[in-house]
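Turn these sequences into a full structure, and let the hints steer you where they fit.
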Amino acid sequence: MAITTKKTPWEKEWIDLQKKEARFTHRRKEGPTSVLMQKLDKVVPKKLSGTLNAAFYKAFAVVFEKGTGIIEKTYNKEKKETDFKVNTYASEISDSRRAAKTFTKQAKSAKGLNLLISSVEGVGMGIAGSAIPDIPVFIAMVLKSVYEIALSYGYEYRSDEEKIFILKIIEAAMCDEDEFMQKDAALNSDIHGIVLNGDFIGEGDWNISKEDQMKRAAAALSAEMIYTKFVQGFFLVGMVGGIFDPIYVNRISDYAVLKYRRRFLEGKLNHEK
Numbered sequence: 074m075a076i077t078t079k080k081t082p083w084e085k086e087w088i089d090l091q092k093k094e095a096r097f098t099h100r101r102k103e104g105p106t107s108v109l110m111q112k113l114d115k116v117v118p119k120k121l122s123g124t125l126n127a128a129f130y131k132a133f134a135v136v137f138e139k140g141t142g143i144i145e146k147t148y149n150k151e152k153k154e155t156d157f158k159v160n161t162y163a164s165e166i167s168d169s170r171r172a173a174k175t176f177t178k179q180a181k182s183a184k185g186l187n188l189l190i191s192s193v194e195g196v197g198m199g200i201a202g203s204a205i206p207d208i209p210v211f212i213a214m215v216l217k218s219v220y221e222i223a224l225s226y227g228y229e230y231r232s233d234e235e236k237i238f239i240l241k242i243i244e245a246a247m248c249d250e251d252e253f254m255q256k257d258a259a260l261n262s263d264i265h266g267i268v269l270n271g272d273f274i275g276e277g278d279w280n281i282s283k284e285d286q287m288k289r290a291a292a293a294l295s296a297e298m299i300y301t302k303f304v305q306g307f308f309l310v311g312m313v314g315g316i317f318d319p320i321y322v323n324r325i326s327d328y329a330v331l332k333y334r335r336r337f338l339e340g341k342l343n344h345e346k
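All residue numbers in the sequence shown are consecutive under this note's numbering, ending with 346.
Calculated from the structure, these hints are not laboratory results.
Where hints are given, some of them may not hold.
[Claimed, not checked] Computed cross-link-like contacts, SDA-like style, restricted to lysine to any residue with a CA-CA straight-line distance of at most 20 Å:
{"id": "1", "residue 1": "341", "residue 2": "91"}
{"id": "2", "residue 1": "131", "residue 2": "80"}
{"id": "3", "residue 1": "120", "residue 2": "341"}
[What the hints assert, rightly or not] Listed next, with one range per pair, are the computed distances between beta-carbon atoms:
{"id": "4", "residue 1": "131", "residue 2": "89", "range": "35 to 43 Å"}
{"id": "5", "residue 1": "174", "residue 2": "251", "range": "16 to 24 Å"}
{"id": "6", "residue 1": "277", "residue 2": "342", "range": "25 to 33 Å"}
{"id": "7", "residue 1": "146", "residue 2": "342", "range": "32 to 40 Å"}
{"id": "8", "residue 1": "343", "residue 2": "249", "range": "28 to 36 Å"}
{"id": "9", "residue 1": "265", "residue 2": "232", "range": "17 to 25 Å"}
{"id": "10", "residue 1": "320", "residue 2": "131", "range": "18 to 26 Å"}
{"id": "11", "residue 1": "284", "residue 2": "171", "range": "42 to 50 Å"}
{"id": "12", "residue 1": "163", "residue 2": "254", "range": "30 to 38 Å"}
{"id": "13", "residue 1": "182", "residue 2": "91", "range": "21 to 29 Å"}
{"id": "14", "residue 1": "85", "residue 2": "272", "range": "19 to 27 Å"}
{"id": "15", "residue 1": "280", "residue 2": "249", "range": "19 to 27 Å"}
Every residue, glycine too, gets a C-beta built ideally from N, C-alpha and C.
Below you can see the structure in the form of structure tokens.
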């Protein structure tokens, strides 16, 4: 008779993570199929892509430089850090799946609240006919959501190295089909290397600068959102474009939960070996 080894709570969490990653990947494999977007491709000005690229890049620069402190005023950072420590202690003494799941439960809770806020912001800007002006607000909402997800798993986000990690998450999340598969695999490899390095990203560990990664993330956002931002620039009709803002915030947040969860769980599993 074969002897089956009982899986630890962290191993069960890892299996669940892989299922969640497979579902996200399946959605990205489908790619953009909107008939509306196909029709808009014929009328969207060619120069809009460059304009959006520049706007997203500038938004990242401004929010990273001046906005992090402001974003942190929208949530209780100290409480989130304390919650993580409490959850860590609980998971160590109880050794239960329920305790292990608490980290992801809190990450998803933070994501849900931010999605509600971004829905109001996106539609409001759309009704007002604001496309380019709302980009800094959109980036701030994305980063607010990712920051809170990071804290749920015990990670900081203020260093340039962690900002590059966040930008890589945003870039990959906005890609479709083969491009997503490539970037997701590369990010998983990066995470594995980070965990082997003590779950720490040191200065010079990345082979890309923060500025260059900002450009890549900006280009990915621009390519995916060009049609909705074009529509959002028109009064009333723009509400349709504004509705897409929370959809993109949700996609990036979902992917951020997956990647921070992977990083967190790899560390736990390595510790068990």
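Status of the hints after comparison with the structure:
1. 341 with 91: holds, 15 Å
2. 131 with 80: Between residue 131 and residue 80 the Cα gap is close to 47 Å, so the pair fails against 20 Å, i.e. violated.
3. 120 with 341: Violated, at about 48 Å.
4. 131 with 89: 35 to 43 Å: holds, 39 Å
5. 174 with 251: 16 to 24 Å: Between residue 174 and residue 251, where Cβ atoms are some 33 Å apart, the hint is violated.
6. 277 with 342: 25 to 33 Å: holds, 27 Å
7. 146 with 342: 32 to 40 Å: holds, 36 Å
8. 343 with 249: 28 to 36 Å: holds, 32 Å
9. 265 with 232: 17 to 25 Å: At 20 Å between Cβs, range holds.
10. 320 with 131: 18 to 26 Å: holds, 23 Å
11. 284 with 171: 42 to 50 Å: Roughly 43 Å apart at Cβ, these two residues keep to the hinted range, so it holds.
12. 163 with 254: 30 to 38 Å: holds, 36 Å
13. 182 with 91: 21 to 29 Å: With a Cβ separation near 22 Å, residue 182 and residue 91 satisfy 21 to 29 Å, so the hint holds.
14. 85 with 272: 19 to 27 Å: Holds: the Cβ-Cβ distance is about 21 Å, inside 19 to 27 Å.
15. 280 with 249: 19 to 27 Å: holds, 25 Å
In the structure shown, a violation is registered for the earlier hints numbered 2, 3 and 5, in ascending order.
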